[in-house]
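Each protein sequence line maps, in turn, to chains A, B and C.
FYI, the working numbering numbers position 351 of the first sequence as 351, with every residue one higher than the one before it.
Positions in the second sequence are counted from 1; adding 1000 to them yields the working numbering.
Positions in the third sequence are counted from 1; adding 2000 to them yields the working numbering.
Read the hints as simulated data drawn from the structure, not as lab findings.
Don't be surprised by glycine CBs; every beta carbon is placed ideally from N, CA and C.
Wrong hints could be hidden among the right ones.
[To be verified] Computed cross-link-like contacts, BS3-like style, restricted to lysine-lysine with a CA-CA straight-line distance of at most 27 Å:
{"no.": "1", "chain 1": "B", "residue 1": "Lys1083", "chain 2": "A", "residue 2": "Lys155"}
{"no.": "2", "chain 1": "A", "residue 1": "Lys166", "chain 2": "B", "residue 2": "Lys1083"}
{"no.": "3", "chain 1": "A", "residue 1": "Lys155", "chain 2": "A", "residue 2": "Lys166"}
{"no.": "4", "chain 1": "A", "residue 1": "Lys166", "chain 2": "B", "residue 2": "Lys1097"}
{"no.": "5", "chain 1": "C", "residue 1": "Lys2290", "chain 2": "C", "residue 2": "Lys2441"}
{"no.": "6", "chain 1": "C", "residue 1": "Lys2431", "chain 2": "C", "residue 2": "Lys2290"}
[What the hints assert, rightly or not] Chain A is nowhere near these chain C residues, computed Cβ spacing over 12 Å in every case:
{"no.": "7", "residue": "Glu2134"}
{"no.": "8", "residue": "Val2373"}
{"no.": "9", "residue": "Pro2440"}
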Amino acid sequence: MDVANLASQLNAGAILPEGAVILTLMVVLIGELALGRASAARWTPYVAIAGLLLSVGLLCLQWDLTPTLSFLGSFNADKLSIVLRSIIALSTLVTILMSIRYVEQAGSSIGEFMTILLSATVGGMFLCGAEELTMIFVSLETLSIASYLLTGYMKRDPRSNEAALKYLLIGAASSAVFLYGLSLLYGLSGGETHLSAIANALAQGTNHLGLLIALVFVIAGISFKIAAVPFHQWTPDVYEGAPTPVVAFLSVGSKAAGFALAIRLLTQAFPAVVEQWQFIFTALAILSMVLGNVVAIAQTSMKRMLAYSSIGQAGFVMIGFVIGTEAGYASMIFYLLIYLFMNLGAFTCIILFALRTGTDQISEYAGLYQKDPLLTLALSLCLLSLGGIPPLAGFFGKIYLFWAGWQAGAYGLVILGLVTSVISIYYYIRVVKMMVVKEPQEMSDVVLNYPAINWTPLGMRPLQVGLFVTLIATSIAGILSNPLFTLVNNAVVEVPHLQTANAAKTPMAILPTTTPELPAPLVSNSDSTAL
Amino acid sequence: MTLADGVQLVSTLILAAMVIGAALGVVLFDNIVYSAFTLGGVFISIAGLYILMNADFVSAAQVLIYVGAVNVLILFAIMLVNKQEVYSPVPRRWIRKLSAALVSAGLFGLLTVMLLQTEWLPNAAQTAPDSTVILIGEHFFSDYLLPFELASILLLMALVGAVVIARRESIVGEDTAIVGEQPAPVLELPERPREPVA
Amino acid sequence: MILSTLIWFPILGAIALALVPSRYLKWAALILSGSILLGSLWIAYQFDITQPLIQFREDLPWLATLGLNYQLGVDGLSLPLIILNTLLTWIAIYSSPEATERPRLFYGLVLLISGAVSGAFLAQNLLLFFLFYEIELVPFYLLIAIWGSEKKSYAAMKFLLYTAVSGALIFVAFVGLVWLQGADSFAYTALAGNTLPLWQQLILLAFVLIGFGIKIPLVPLHTWLPDTYVAASAPIAMLLGGVLAKLGTYGIFRFGLGLFPEAWGTLAPGLATWATVSVLYGATVAIAQKDIKRMVAYSSVGHMGYILLGGAALTELSLVGAVAQMFAHGLILAILFHLVGMVEAKVGTRELDVLNGLMNPLRGLPLVSALLVLGGMASAGIPGLVGFVSEFLVFQGSYAVFPLQTLLCVVGTGLTAVYFVILLNRTCFGKLDNAIADFPKVEWRERVPALILSLTILFLGLQPTWLVRWSEASTHAMVAVLPPVTQVTTLAQVLDRE
């Protein structure tokens, strides 16, 4: 195999977007080394933003290319991966916008912060397209280790240290379990590492127990990444102790990467046990929705509340995942996209508030309406969107999810989703009430001493831009969701293994449905009574 | 069974016993230095297992990296910290110990059953290669190129992260930053810690 | 286009209020709401009353994947409610005190609600209706929580949670219907003639009934109502009782009766009984109240029962009566809340035991009291006023079908008269205690809303055609599409009795 031949087989153009991020990372790192921290801090964030924009642009250009496996099957640049990689790149983009001022105010180096964040992004983006076990594990570890480092970035703060240590220990344990699961897959398939080859090898075997154990171990690793109950124990402490922009990234980018991994690995390598993994994820979804939303009610700290709410939101996303229909996957990815904007918008707001007042207690938001209407408006809209109030984006995201779930016959999940949405409205509106309803005399001390609004210090403008971008996206992405949803739907339709996951399930439907164009329902027993 | 097979079997058994014995030592020794040394024993025994499986390069790497670097690092860390702490006995500790033992035993049983039940597919390439180094190198530069290159990013990031965490921060930057109206110490969260709930 | 204007003009206006200088805020809000009132009247003028179908259709593709399209239209059922909504919005804005705190937010939210409620009445797509139905949730929450009186926070949260649950139930019903029907769109027309088996219809109808029953509210789903109505300030209570409750009754008619006529026919006797229970319960509990605002609030529970009764009876006359009752109840409740609010503002209490002799021509509040008497009479169904027309139509239409329930409801009207007599007797008549009779003067401009409302009540009471002509064609069509089974049973019952 000579070099030229190899190079032509690699199809290296598929990873150009990741290449752009890596290049940016290098420029930022070397630029800061060469020019010193103070002078580099003025331009490196913009380089990083430009690099991420370039990466998203390259992803858009790849949209129309015929998807081919690149790097001899290591990486799959199909439309599904393009959408998910864009979500991760965008989440990093917004995270950088909000972190410049935050890191600057903490007196730390933005260049190093962004270097680690960008490598996390590279890991997440590769994870979205990874088709091979080694690639999956290396990219997952890149993402995870970068996340541990970022969590402990405020190293003089004991909370940050505690969070990092907890995250590291639990994360390492879950990685080990995940790796064990992968090694079982490798063994069961007779030494295959490519997902499709594994699926082929497993289709012939009858090693049910081994496959199930591999499945459980793999799901344990994935659930840790997406913080599904009961693998969520790290979330509240890590979210409280980590720097807020990092929390934002963990709750959106890292979670999107986890879902990307789940879609690819479970649908592709485990078609033999579709019912089992859908059953496990149904249980995870139920637990996440209930526990996340119920415990969020009791929180007094904004970061902790968003931590639990993000667990609940992951539960909603899992509805789209477990039903296993095209519409389900599409609405799940669409919800992730919407969730990106509304959740990052909320985080931008609480960062702004924390920077101005030095607190994130919900009770301290009392009467903010009087002092900072813009922040109040933005945070209210983002939270209401998370709660699913129309006409904000979150409402449409949930409607897509629930409609897809209902069409697939997952009535119980959809009704539970509706009930927990109502619960979530309660705790989101509590914050809105704190900010908007409280009268001037009930204003909290920090709001009374609220500093004059000043957008001039370094990093405030990007924060403002991030605020407006997420706010506008949250307001109109739902109303104008048709093109977005079509896009996501196209991405899902063109992925063959999502159809195979579907086809494997069809025999479960005992009776023909009255609606041939609708996918076969998941719950066949309730279906037989319904028709 | 030929002589070679018999030697292989006996060596495997001896090495497995060494792994298990050393691993028990890691867990059961009260003195953490002993634990660290027995951990080295675990690594070396595993390296022996690799040799039995014709994976000479992996075995060498195992000794070099895990014994030579990781384990030594652990020992250094123990020596540098060297803090004697008397743990107060936790009441009802036996419940935790018992439940941990039960879970572990259950997992062990499950995995054993699975290992025995499964018909493991033999690897297609049965013949031992001439040189594993060449084979690994070929893989690194063909079908495992992308993870191999990504690992370099991982290492670079880990390096930067290690420097960031280990660096003495007071040399660069000023000591306080402005949070809200009050000066706040650098490298801490801007959010004030919560008041302990009375 | 004109229908969209009714929705988007107030919503965009609400946003535009952010730019209006504070001095002109109320004027701007009044002009905005006045123009949508004129717009709705213009629609009424253009409306072809002989045409039973949806008119002024608008249909734009929106989210085809969801089956959610921007489909609007108006018929005889929704037209009166649209006018009611725009009228009460204007009155609510007009009657809000000059010294309203945070006027920008207040007027903005009221306008937003007006647009959303119009949207819900106009929507010809189930999901679009649901969207508008949910939009008013948070604005109402804020209106109650910020500008309410005592216990406002609790009341607002209760309102929010009840309404959110109601929304969830309705959503389940809609999604279930579309899925069972196998339709690829939530368009109303596509679903109206569904051919589902009866038991499926019954389940879906139960969701619709409970969902909207919370909103109306019907006993025993009404527990949020007294707290919320009492905590809300007078203009907001007007909107809550006058407009928001109508979303519930409209929803039951449009999506319960309209979509599941067969199941509705099966459940009709039960619904009539439910209505009767509501009527009697509302009236009896109102008698026991010591707080005039609470009394008016409970009177609303009773009056909503008549609407359900009219719907359950399913005769042309009773349906016309029910639609008329929606409109009449909106007017009457608005005037009562307005006057009660004014009494509270001037006298400083709402306690029946304290209030006395307000009719006193010199030192009391004579005009307010007189109008209160008029409102009470209208509410109790005294002939010559709008309440009588609608209640009479409902009773006359339903008697043939459900004689017992109708008679009990007539008893309910009698009880209504009882508590209004108690209310009026205590508040307006008797000797005014000179020690407390030092009320601020009632300005002329404060009387305007009550005068407008009472003139409308009087006019429509004397000229009822103007009230019922809009909905006659539509209700006729509604009854006509009913499956023959129901009609035969009702006819048989009628013949038996004669």
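Now for the hints, and whether the structure bears them out:
1. Pair hint lysine 1083 of chain B plus lysine 155 of chain A holds up; C-alpha atoms about 21 Å apart against a cutoff of 27 Å.
2. Our distance criterion of 27 Å between C-alpha atoms is met by lysine 166 of chain A and lysine 1083 of chain B, whose separation comes to about 21 Å.
3. Straight-line distance between C-alpha atoms of lysine 155 of chain A and lysine 166 of chain A comes to about 14 Å, which keeps the hinted pair within the 27 Å bound.
4. As the CA atoms of lysine 166 of chain A and lysine 1097 of chain B are separated by approximately 21 Å, the hinted pair is consistent with the 27 Å bound.
5. With a CA separation close to 26 Å, the supplied pair lysine 2290 of chain C and lysine 2441 of chain C stays within the 27 Å bound.
6. About 19 Å separates the Cα atoms of lysine 2431 of chain C and lysine 2290 of chain C, which keeps this hinted pair within 27 Å; it holds.
7. Listed as a non-interface residue, glutamate 2134 of chain C fails to keep its Cβ farther than 12 Å from every Cβ of chain A; the least gap is roughly 5 Å.
8. At the 12 Å boundary, the C-beta of valine 2373 of chain C stays outside the reach of chain A, the nearest C-beta of that chain being 37 Å off.
9. No beta-carbon of chain A is positioned within 12 Å of the beta-carbon of proline 2440 of chain C; the least distance is around 24 Å.
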